[in-house]
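Visitor: Residue 102 is where the sequence shown ends in this note's numbering, and the numbering goes up by one at each step.
Simulated from the structure, these hints should not be mistaken for laboratory data. Each hint should be verified, as a subset may be incorrect.
With beta-carbon atoms standing in for the labels, derived distance ranges [said to hold, decoys possible]: (1) SER46 x GLY13: 34 to 44 angstroms; (2) PHE72 x SER46: 16 to 26 angstroms; (3) LEU78 x ASN24: 38 to 48 angstroms; (4) PRO36 x GLY57: 14 to 24 angstroms.
For clarity, every value in this text was computed on a predicted model and none was experimentally measured. Here a beta-carbon is modelled for each residue, glycine too, at the ideal position from N, C-alpha and C.
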Amino acid sequence: MTAFNPSTDLPTGDRACTTIEQLNAWTALILLANNPTKKFVRTAGSPSENRAQFNSGVDADNTQRMQTLCVFEEDLSLLGSSLPDWKKVKEMDSAPIPASLK
């Protein structure tokens with residue numbers, strides 16, 4: 001798991017995350033920076049994909065968009081528990097948050 005201390009690790013000042021959308025983009029960038037080569041296969045026979053993805057570009061209606069995708073393994077020992085889904089996620093790595101993203 002990428003260790004996280006909200007009092008010291010969240011960006012501050014002009015770089016602060018002030019919406020859930022910004023927080024999602026920030027965490028996706030951290031996971032991508034720490035796991036650039038981790039892959040998964042969505043369905044048998046399909047090509048492998050990166051488990052952490054962050055893309056931006058212009059879509060069909062000429063709107064600039066960002067897209068994040070993070071694929072996590074679930075801790076099977078917690079299936080059926082009353083924990084919220086985010087607490088059932090297995091860690092992807094143990095690397096610290098890159099200084100450039102703090």
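Visitor: Please check whether PRO36 and GLY57 have a Cβ separation lying inside 14 to 24 angstroms.
Guide: For PRO36 and GLY57 the Cβ distance comes to about 19 angstroms; the hint holds.
Visitor: Is it true that the C-beta distance of LEU78 to ASN24 lies inside 38 to 48 angstroms, as the hint says?
Guide: Between LEU78 and ASN24, where Cβ atoms are some 23 angstroms apart, the hint is violated.
Visitor: Take the C-beta atom of PHE72 and the C-beta atom of SER46, compute their distance, and say whether it sits inside 16 to 26 angstroms.
Guide: About 18 angstroms separates the Cβ atoms of PHE72 and SER46, which means 16 to 26 angstroms holds.
Visitor: Lying within 34 to 44 angstroms: is that true of the beta-carbon distance SER46 to GLY13?
Guide: holds (42 angstroms)
The structure is inconsistent with hint 3 alone, although it conforms to all the rest.
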